[in-house]
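Asker: Dock chain B against the given chain A, drawing on the hints supplied.
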Amino acid sequence: MRVAEAWRVALDALRANRLRSALTMLGVIIGVASVVLLVAIGTGTKQKVEQQVEGLGSNLLLVVPGRIEVGNAPVVSPLTLKDVDAVTRVVGDPDRVAVTVASGATARAGARSDFTTVQGVLETTPAVFTRSLARGRYLTGTDVDTSRRVAVLGDSVAHALFPDRDPLGQQVALAGVRFRVIGVFAPLGQSLGVDRDDEVHVPVTAAQRLWGTQRVDGIAVKAPDRERIDELGERIVAELNRRHPDTEFSAVTQQQILGVLGDILGVLTGVLAAIAGISLLVGGVGVSNIMLVSVRERTREIGLRKAVGARPRDIGVQFLLEAVLLTTIGGLTGMALGVGTALLVDALSPIPAAITWWSLALAFGVSAVVGIVFGVVPAQRAGRLDPVVALRTE
Amino acid sequence: MTEPAVADRPAGERVPAIEAVDVSRTYQLDGVSVEALRGVSLTVQPGDYVALVGPSGSGKSTLMHLLGGLDRPTGGRLVIGGRDVNALAPPEMATLRNETIGFVFQAFHLLPRTSAVENVALPLVYRGVSARQRRERAAAMLGRVGLGHRLDHRPNQMSGGEQQRVAIARALVTEPTVLLADEPTGNLDSVTGAAVLELLEQLNAESGVALVMVTHDQEVAARAHRRITMRDGVVVADSAHPRSAHDRPPSVDHGRPATLVPAPSAEPRSASGSGPGHPSGGSGGAAGATGRLPREVERPEALPRDAVPGDAVAREGGAGAREVERPGGAA
Numbered sequence: 001m002r003v004a005e006a007w008r009v010a011l012d013a014l015r016a017n018r019l020r021s022a023l024t025m026l027g028v029i030i031g032v033a034s035v036v037l038l039v040a041i042g043t044g045t046k047q048k049v050e051q052q053v054e055g056l057g058s059n060l061l062l063v064v065p066g067r068i069e070v071g072n073a074p075v076v077s078p079l080t081l082k083d084v085d086a087v088t089r090v091v092g093d094p095d096r097v098a099v100t101v102a103s104g105a106t107a108r109a110g111a112r113s114d115f116t117t118v119q120g121v122l123e124t125t126p127a128v129f130t131r132s133l134a135r136g137r138y139l140t141g142t143d144v145d146t147s148r149r150v151a152v153l154g155d156s157v158a159h160a161l162f163p164d165r166d167p168l169g170q171q172v173a174l175a176g177v178r179f180r181v182i183g184v185f186a187p188l189g190q191s192l193g194v195d196r197d198d199e200v201h202v203p204v205t206a207a208q209r210l211w212g213t214q215r216v217d218g219i220a221v222k223a224p225d226r227e228r229i230d231e232l233g234e235r236i237v238a239e240l241n242r243r244h245p246d247t248e249f250s251a252v253t254q255q256q257i258l259g260v261l262g263d264i265l266g267v268l269t270g271v272l273a274a275i276a277g278i279s280l281l282v283g284g285v286g287v288s289n290i291m292l293v294s295v296r297e298r299t300r301e302i303g304l305r306k307a308v309g310a311r312p313r314d315i316g317v318q319f320l321l322e323a324v325l326l327t328t329i330g331g332l333t334g335m336a337l338g339v340g341t342a343l344l345v346d347a348l349s350p351i352p353a354a355i356t357w358w359s360l361a362l363a364f365g366v367s368a369v370v371g372i373v374f375g376v377v378p379a380q381r382a383g384r385l386d387p388v389v390a391l392r393t394e
Numbered sequence: 001m002t003e004p005a006v007a008d009r010p011a012g013e014r015v016p017a018i019e020a021v022d023v024s025r026t027y028q029l030d031g032v033s034v035e036a037l038r039g040v041s042l043t044v045q046p047g048d049y050v051a052l053v054g055p056s057g058s059g060k061s062t063l064m065h066l067l068g069g070l071d072r073p074t075g076g077r078l079v080i081g082g083r084d085v086n087a088l089a090p091p092e093m094a095t096l097r098n099e100t101i102g103f104v105f106q107a108f109h110l111l112p113r114t115s116a117v118e119n120v121a122l123p124l125v126y127r128g129v130s131a132r133q134r135r136e137r138a139a140a141m142l143g144r145v146g147l148g149h150r151l152d153h154r155p156n157q158m159s160g161g162e163q164q165r166v167a168i169a170r171a172l173v174t175e176p177t178v179l180l181a182d183e184p185t186g187n188l189d190s191v192t193g194a195a196v197l198e199l200l201e202q203l204n205a206e207s208g209v210a211l212v213m214v215t216h217d218q219e220v221a222a223r224a225h226r227r228i229t230m231r232d233g234v235v236v237a238d239s240a241h242p243r244s245a246h247d248r249p250p251s252v253d254h255g256r257p258a259t260l261v262p263a264p265s266a267e268p269r270s271a272s273g274s275g276p277g278h279p280s281g282g283s284g285g286a287a288g289a290t291g292r293l294p295r296e297v298e299r300p301e302a303l304p305r306d307a308v309p310g311d312a313v314a315r316e317g318g319a320g321a322r323e324v325e326r327p328g329g330a331a
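Quick note, the sequences are listed as chains A and B, same order.
Reminder that position 57 of the first sequence reads as 57 in the numbering used here, one-by-one numbering, no gaps.
Reminder that position 195 of the second sequence reads as 195 in the numbering used here, one-by-one numbering, no gaps.
The shape of chain A in the complex, shown without the other chains:
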């Protein structure tokens, strides 16, 4: 029997049992769709995190006390603004250096209050971290130098404290001290479940005075180019080690952060894909089961086909193709369903989802292989059926 003929016969058989074929496919459809969807969510999350890390600004170098390793306790920073000046000398350009000293604080405006993060920063922050304002202006060098009590609100804070008023020019009390609102950030959205708009920027000098400290938590440097970023980091760390021999310092790049996050999210995606793969496997067992039933049910048909000249191989191929058709049609439908659901999830929910070609290829390939693997036994059984016995079956 010709191959094209065998495909036609297999397709006819599936068509003849539409409902059963559809139900059998359902297992494969769900399996493939969940592989595609879960991998899409894993990939989408990873991509979004990467975007956000990259969105911090390019060629960024974060300098913090302590060693960046999983399990290391945070170290109380020994850094002060004098160290920042030293780092600025190493970098050679004050516009490329940003600092932060941060602490949780309650912000009040009239009867409304919001617990938020107050960050003491330099006027360089928008340039280093690529932040933009929705309204008003950012801090200036003068604001920092004179410890002026002015604040730039994150989008969430602005909405919480001034839901129906323009916050510009209004007073806001941070930890009981009044600051004047001079600007509002453009919204950034969520990142890994953290609201990035829930923050207030004030001059680092004002923040230090607010909390009665000389401390700076961390220094961020925007390197002039990617090639020299590691060397610059080493020089900064060397300078800080010279100034604070008792403390270790780390300079990490975005690439390093991305590497760590990527590994974690990659494992997450793999686990999701494996769980979905199990459902695909269950779908394959369903195919095998139905094919066995089908062989038994169509015993007489098999007997007749053999009587009129079908070789064992012809019958085997016919049933194998039926199984493969079931899983590949189911696989294609599952792919469409998975892609559709992923696009809907991405559009309608905060969960990001991104379709990757490898997940589509993998899911389809696995479903086809499942069809072959789980179709072989029923096909062999059909091929070996004794025509005399088969024809006698009622």
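No lab work stands behind these hints: they were computed from the structure.
Please note that a few of the clues may not be correct.
Unchecked claim - Distance ranges between label pairs, derived from CB positions:
id : chain 1 : residue 1 : chain 2 : residue 2 : range
1  : A       : Leu11     : B       : Gly31     : 39 to 47 Å
2  : B       : Gln28     : A       : Leu268    : 54 to 62 Å
3  : B       : Gln28     : A       : Leu26     : 18 to 26 Å
4  : B       : Ser207    : A       : Leu26     : 47 to 55 Å
Said to hold, decoys possible - Quick partial rundown of chain A residues pointing at chain B, CB under 7 Å, derived from the structure:
id : residue
5  : Glu5
6  : Ala6
7  : Val308
Everything numeric in this text was worked out from a predicted model, so none of it was measured.
The beta carbon of each residue, even a glycine, is placed where N, CA and C say it ideally should be.
Answerer: The following block gives chain B in isolation, referenced to the frame of chain A:
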């Protein structure tokens, strides 16, 4: 491959379509051997019209399966279309069936949800014939069986007689040398059955395909040119070789007087067949059997044993069977 076989035969003798020599078939059922056939020898010539009769369990079906290449003998030699079955692997057996045998079953065995023309074309699928040619040949064959107007009807849209015609067309579309029909009229009413039988006979006469038919119907059996009677796994009577039937132990043919019907006839093809009086062949045969009756009556001790096969005779419902039983019961 068939050349030497031809050379071995005396000049003028035809090459048999099927040749069975001392064929036996033993089944293993739960470790117990069941002998379904015990040394059957027969030859089917091209163009033969053979009725295979015998009670249930006599081995008719087993023999049919063997003759059709669906099964292999466990002993003896079976040559179909010049090929020794025991030397063939399953795929070769399939090809042999496809090329030389056509099957017609009592239950039609048409593929449901499949049009008549596609059912008929099915054997050609396994022969690698192109779809267009298949349809042409299947349609032509359906025309020959009088169903040219039913090409795209499905089995459930056709009457039993029409379905059996489709099955006959399917059996013949490959132009086989032997047509094996297993009670082809068994599922049909008498009028439809007679029409189907006439069609089979007509095709047998026209195309020269040998027709081997299992039947329980004495009237049907009487129309055949040759009758082979089986019992307990052996051929007890073959009208083509009347003497060989006598070679069997007499006890074997007891109580089956109806099966002996054509035995007195030396030339089977002219004795029954298409002669003007052949519809009444059943009663004519009975008269012949009645002539042999004294021998049966002489052995009354065999009668109790024959009571069971006698049931089968009664069920077969042949007019001849009843007529024979009447004098037997009187004795």
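Asker: Hints first: check each against the structure and report whether it holds.
Answerer: Structure-based check of all given hints:
Take Leu11 (chain A) and Gly31 (chain B): their Cβ atoms lie about 44 Å apart, and the range 39 to 47 Å holds. Against the hinted window of 54 to 62 Å, the Cβ-Cβ separation of Gln28 (chain B) and Leu268 (chain A) comes to about 59 Å, which satisfies the hint. Taking 18 to 26 Å as the suggested C-beta distance range, the pair Gln28 (chain B) and Leu26 (chain A) does not conform, at roughly 43 Å. Separated by about 51 Å at the C-beta atoms, Ser207 (chain B) and Leu26 (chain A) satisfy the suggested range of 47 to 55 Å.
A cut of 7 Å between beta carbons decides the hint on Glu5 (chain A): the least distance to chain B is about 6 Å, and the hint holds. Interface hint status for Ala6 (chain A): violated, as the beta-carbon distance to the closest one in chain B is roughly 9 Å, over 7 Å. About 4 Å separates the beta-carbon of Val308 (chain A) from the nearest beta-carbon of chain B, less than 7 Å, and the hint is met.
When the structure is compared with the earlier hints, violations turn up for hints 3 and 6 and for no others.
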